[in-house]
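Q: Could you slot chain A onto chain V? The hints should help.
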Amino acid sequence: MPRWLWFPAALAAAFIILPLAAIVLRVDPATLPALVTSPSALEALWLSLRTATAGTALCILLGVPLATVLARTSFRGQGLIRSLVLLPLVLPPVVSGLALLYTFGRRGLLGQSLDLVGIQIPFTTLAVVIAQTFVALPFLVISLEGALRTSGTRYEAVAATLGARPTTVFRRVTLPLVAPGLLSGSVLAFARCLGEFGATITFAGNLPGVTSTMPLQVYLLRVDDPDAAVALSLVLVVVAIAVIGFARHGRAL
Amino acid sequence: MSALHLRAVIARRGIDVTLDVAAGETVAITGPNGAGKSSLLGVIAGLLRPDDGEVRLGDRVLDATPPHARGVALLAQDPLLFPHMSVLANVAFAPRARGVRRRQANELALRHLTEVGAETLAGRRPTEISGGQAQRVAVARALAADPELLLLDEPMASLDVDVRPALRQTLRTALADRTAIIVTHDAADARALADRVVVIEHGHIVEDGPTEQVLDDPQSGFAVRLVSGSIK
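From first to last, the protein sequence lines are chains V and A.
Just so you know, this note's numbering puts 176 at position 160 of the first sequence, and the rest follows in order with no gaps.
Just so you know, this note's numbering puts 1251 at position 55 of the second sequence, and the rest follows in order with no gaps.
Next up, chain V with everything else stripped away, as it sits in the complex (with noise of 0.2 Å):
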């Protein structure tokens, strides 16, 4: 390696870094305590969480079957239905949200059948959770069906023929030996999950308590109120950083 490529590495690192810094510093250590646990700060907090948890919960439940899926079997098409799942992950989010409310929403694809039966929606605490989910399950399914492909098929093909059906190989075979995989597939899903914007203001809105969790929080503050703001934020860097920790301990990262 050529010794000067230190002098750009470091500015690469110091790009990323700079910014966490300069939030944290602004921080008021005095202020912190009361900021973070002021009732309209703990309420986002425990809508972002209560949100996140079911979103991850809908990925999982929903991911693990499309991973397998696409992992273990080929049919026509299947190409375009991974590029297609994927495609959250580079979408602006705000277009996700858009998406989801001409899905969704009274006058949507599947909206309109919803309101005859007297169910709505936009603007729920529900709409949190699909707009979290929608962004959030390609990061599952991408980890997932990369360990599913490492792991390869010779335990479940030995399983088989060792008397066990394939819902007891994929119970006691297959799941347990992509576990790591499932749990930093997870993570990473709930960081996603959590720090969840464009999709969410744009199909669930912004109420405080019903839809507004500490991202759109953090943004409503950001003029009125900078100092929450910046303690809300730096509760979201503290939640990253450990979900760094963690995704990188089971080597998902």
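Read the hints as simulated data drawn from the structure, not as lab findings.
Do not take every clue at face value.
[Said to hold, decoys possible] Listed next, with one range per pair, are the computed distances between beta-carbon atoms:
hint, chain 1, residue 1, chain 2, residue 2, range
1, V, L21, A, R1298, 53 to 63 Å
2, A, R1245, V, L105, 32 to 42 Å
3, V, R92, A, D1248, 49 to 59 Å
4, A, R1368, V, I257, 54 to 64 Å
5, V, R181, A, D1356, 52 to 62 Å
6, V, V254, A, G1295, 42 to 52 Å
7, A, E1250, V, R92, 29 to 39 Å
8, V, I39, A, A1353, 58 to 68 Å
This one's a predicted model, so the numbers in the text were calculated from it and none came from an experiment.
Don't be surprised by glycine CBs; every beta carbon is placed ideally from N, CA and C.
A: Below, chain A without anything else, positioned relative to chain V:
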């Protein structure tokens, strides 16, 4: 324990084999690499679909039967013990899968571990035992499935030469009155374990006879080389 009738055609690989194994008989299949030996085991176990053919075990036609319902256990070159289970749980896997209660399954597993001389390893993890020990446990695990037919695909190929005789002895006891097919490149394995030797070259059976006859008076090119010791 059941007799096997196999006919398998895999056009892409040029394989066309018809083979019968009597109930309780152990047949050694040998032949050069790529001759199609492992593919035949795959067809019998239901892991590989032939272009044409038939697999009959006893009076059951298995062609449409999924692997788990065939009563055919496969022991591969690698032990492939489930890494997330203890040795005991590995051996108890098959009984548990067919609905035996945990306690009884564990007792059964311990009996099979004792049978292969590995009962002291019961509490260990697969990563904590040697290759030879792992293959012993794999034998116990296959036996615990109580298979009507046992398939062994070069079970000793990945083991050190000095641990092979011990495993061979274990297999000799285990296969004594079982229907089994063992793929091997080792004349000593065939002599110790098999009643009959079948030589496959280029996807076809080129020699088939009682072990002594084939090994003492080999006719096919591969069998001559096998006996002369030029294949290891």
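Q: Each hint: holds or not?
A: Each hint, compared with the structure:
1. L21/V with R1298/A: 53 to 63 Å: holds, 58 Å
2. R1245/A with L105/V: 32 to 42 Å: holds, 36 Å
3. R92/V with D1248/A: 49 to 59 Å: violated, 25 Å
4. R1368/A with I257/V: 54 to 64 Å: The hint (54 to 64 Å, Cβ to Cβ) holds, given that R1368/A and I257/V are roughly 60 Å apart.
5. R181/V with D1356/A: 52 to 62 Å: violated, 36 Å
6. V254/V with G1295/A: 42 to 52 Å: This hint holds: roughly 49 Å between Cβ atoms.
7. E1250/A with R92/V: 29 to 39 Å: holds, 30 Å
8. I39/V with A1353/A: 58 to 68 Å: This hint holds: roughly 60 Å between Cβ atoms.
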